[in-house]
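A.B. asks: Place chain C on chain A using the hints.
Residue numbers (the UniProt record's numbering), protein chains in the order written: chain A, 1 to 336; chain C, 1 to 336.
The set of hints was computed from the structure by calculation and includes no laboratory data.
Quick caveat: nothing in here was measured; it's all calculated off a predicted structure.
This list has only true hints and no planted wrong ones.
Because identical chains share one entry, a pair is satisfied inside a single copy or across any pair of copies.
Here are the computed lysine-lysine pairs in the DSBU-like style, where the Cα-Cα straight-line distance is at most 30 Å: (1) Lys296 with Lys27; (2) Lys136 with Lys315; (3) Lys166 with Lys40; (4) Lys58 with Lys113; (5) Lys189 with Lys231; (6) Lys166 with Lys322; (7) Lys231 with Lys194; (8) Lys166 with Lys194; (9) Lys58 with Lys40; (10) Lys165 with Lys194; (11) Lys315 with Lys194; (12) Lys293 with Lys271; (13) Lys58 with Lys46; (14) Lys194 with Lys322.
2 protein chains.
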Amino acid sequence: MTIRWGIVTAGKISHDFVNAFNSYPNKGDQVIAAVAARTKPEEFAKLHNIPIVFDSYKALAESNEIDVAYIGALNPDHYNISKLFLENGKHVLCEKPLCLNYKQAESLIRFAKNKKLFLMEAVWSRFSPTYIAIEKEINSGKLGDVMFVEVNFGVPIVTVDRLRKKELGGSSVMDIGIYTLQFAQYIFKEEPKKVTTVGGLNEDGVDIYETIILEYDGDRRAVLNVDSRFKMWNKATVVGTNGHITIEDPFHFPEIFINTDGTVEKFPLHKSSLPYNFRNSAGLVYQALEVEKCLKEGLIESPRMSHKESLVLAKLEQTVRKQLGVYYDVDDQEFP
Amino acid sequence: MTIRWGIVTAGKISHDFVNAFNSYPNKGDQVIAAVAARTKPEEFAKLHNIPIVFDSYKALAESNEIDVAYIGALNPDHYNISKLFLENGKHVLCEKPLCLNYKQAESLIRFAKNKKLFLMEAVWSRFSPTYIAIEKEINSGKLGDVMFVEVNFGVPIVTVDRLRKKELGGSSVMDIGIYTLQFAQYIFKEEPKKVTTVGGLNEDGVDIYETIILEYDGDRRAVLNVDSRFKMWNKATVVGTNGHITIEDPFHFPEIFINTDGTVEKFPLHKSSLPYNFRNSAGLVYQALEVEKCLKEGLIESPRMSHKESLVLAKLEQTVRKQLGVYYDVDDQEFP
Numbered sequence: 001m002t003i004r005w006g007i008v009t010a011g012k013i014s015h016d017f018v019n020a021f022n023s024y025p026n027k028g029d030q031v032i033a034a035v036a037a038r039t040k041p042e043e044f045a046k047l048h049n050i051p052i053v054f055d056s057y058k059a060l061a062e063s064n065e066i067d068v069a070y071i072g073a074l075n076p077d078h079y080n081i082s083k084l085f086l087e088n089g090k091h092v093l094c095e096k097p098l099c100l101n102y103k104q105a106e107s108l109i110r111f112a113k114n115k116k117l118f119l120m121e122a123v124w125s126r127f128s129p130t131y132i133a134i135e136k137e138i139n140s141g142k143l144g145d146v147m148f149v150e151v152n153f154g155v156p157i158v159t160v161d162r163l164r165k166k167e168l169g170g171s172s173v174m175d176i177g178i179y180t181l182q183f184a185q186y187i188f189k190e191e192p193k194k195v196t197t198v199g200g201l202n203e204d205g206v207d208i209y210e211t212i213i214l215e216y217d218g219d220r221r222a223v224l225n226v227d228s229r230f231k232m233w234n235k236a237t238v239v240g241t242n243g244h245i246t247i248e249d250p251f252h253f254p255e256i257f258i259n260t261d262g263t264v265e266k267f268p269l270h271k272s273s274l275p276y277n278f279r280n281s282a283g284l285v286y287q288a289l290e291v292e293k294c295l296k297e298g299l300i301e302s303p304r305m306s307h308k309e310s311l312v313l314a315k316l317e318q319t320v321r322k323q324l325g326v327y328y329d330v331d332d333q334e335f336p
Numbered sequence: 001m002t003i004r005w006g007i008v009t010a011g012k013i014s015h016d017f018v019n020a021f022n023s024y025p026n027k028g029d030q031v032i033a034a035v036a037a038r039t040k041p042e043e044f045a046k047l048h049n050i051p052i053v054f055d056s057y058k059a060l061a062e063s064n065e066i067d068v069a070y071i072g073a074l075n076p077d078h079y080n081i082s083k084l085f086l087e088n089g090k091h092v093l094c095e096k097p098l099c100l101n102y103k104q105a106e107s108l109i110r111f112a113k114n115k116k117l118f119l120m121e122a123v124w125s126r127f128s129p130t131y132i133a134i135e136k137e138i139n140s141g142k143l144g145d146v147m148f149v150e151v152n153f154g155v156p157i158v159t160v161d162r163l164r165k166k167e168l169g170g171s172s173v174m175d176i177g178i179y180t181l182q183f184a185q186y187i188f189k190e191e192p193k194k195v196t197t198v199g200g201l202n203e204d205g206v207d208i209y210e211t212i213i214l215e216y217d218g219d220r221r222a223v224l225n226v227d228s229r230f231k232m233w234n235k236a237t238v239v240g241t242n243g244h245i246t247i248e249d250p251f252h253f254p255e256i257f258i259n260t261d262g263t264v265e266k267f268p269l270h271k272s273s274l275p276y277n278f279r280n281s282a283g284l285v286y287q288a289l290e291v292e293k294c295l296k297e298g299l300i301e302s303p304r305m306s307h308k309e310s311l312v313l314a315k316l317e318q319t320v321r322k323q324l325g326v327y328y329d330v331d332d333q334e335f336p
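Bound conformation, chain A alone (with noise of 0.2 Å):
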């Protein structure tokens, strides 16, 4: 069975998703089958060597040509064009965050399950080779009791209209903090507790930046920097009683990764031919290949990046704007 991916906008992620597709050479049983996009899908197909091309996203969601969509939309999209995909019986990978809000999340999650149709928030973190590595070291007890995890994300992307403007579901959590979130998540693997942010918005009520402090059970915790204002370092700290991890810039798909030891591990990506947008996204084909594995083996979610994983990224992420007074219109729309 060949996996046929449809492409949904022509865009910055869309490209380097296709790229990291495109350039490795191990993918299996799937190609990359059509593109849709409202502008210039023809430039993108052209480009990227792909087959079919469509002007709208009904027409691709409708048509036979794909079994998975994914959706590399703005924010605000990313419910209503998931749901048109799924209403279509089409496999759906979106974009992170998954939707807006707790309620939309839950929304859609369930229109998926009812429809039997495979959906998954595009987390890559959670595929990197660097991150199920560092994740058998901490089973292995070397690091002993994981107590904290720290994790700084700071790019600089303030004046970004993505990041800056409400309408467009900016916000420095929603497109930066995500990552840092899910990472404190990937190590503790269950829900906090408590949340506890510090943080400050732009002229259009958009958080900028913030600090979260998430406590679990057994007096542990994470500790979340999060800023659209300048580069940090952006690594991430695993500390154990016994020792710490320390994951090297960019954490959110990193290649190396101090031991407790002091050991250096690395994981190379493959090289592309064609330049990325962002950092290290050639890793975004191993959410690809996850996709894949679990078409094959029948699966409506991924053991890695669950359902109930997007809905607790959904609740954080909303604890955190509400903390911050970051209000979106969707917050008092109700969702069937």
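C.D. replies: Structure of chain C alone, referenced to chain A:
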């Protein structure tokens, strides 16, 4: 004018201070003249070649053999012992924290000022050549505007009486957290407008870990992670709009920092004949050099570690303690 030091207590930190002093080649015109301790002062004097020995603090305070006292006692005794020496006309260098709370610190400082005697809290970090070098880097403007400071300090001392017992002035923020607070204040040089603390207590009602967020004007912040349960990576990072500096372990008296261009800057400490109890204690000599300098200039406080700075630290320590629900008996008392 020779500055004659009297050492008060023969404990671990006094040992390190005297060892650092004795083994430093260029300590100028100052000597260690006497020691006072309740138990085994002779052993301490013999080990460190100190000519005069007292078995009571009062006898040392009333003697004419010293000009300045170094107070290495436990936290609850700082106020009384410092006052005893000031009453008897001696200058005082007192271990940090200066006092148990703000009222005590204010009272002690007022007392020293009235007596026109020198008083300094032994925040030895402030005299580190590494700190002075990073201050120069920051002032050069290379980092741009400094917006964020992060410090981690974790040391497995949760079972040590000094830390865990309230009657001994136990508290993580008072024992190791102070190093993180003073670092933030060293960089931002003004009082934070808001303090947010998340942490946990032991069965004696003493804080054993915390994360402290200090918010400064202009959307700047410091995040301080303190833990007495396990070792952390014990670095400090200063992030500006154009770059960042990392101070290596142990950040509280470092020998190395990583400049914003990646250059490794080294400031090695002098070698000592005797071993130390604490890391990099050789650096304790620099505060003695500062005291000598101040006394020769007729100052009653150090410009690098002023009374005002001690009061801000006392206020911050108290705020953190209160946010976590840690109370000392002296918190209910008034001081003259």
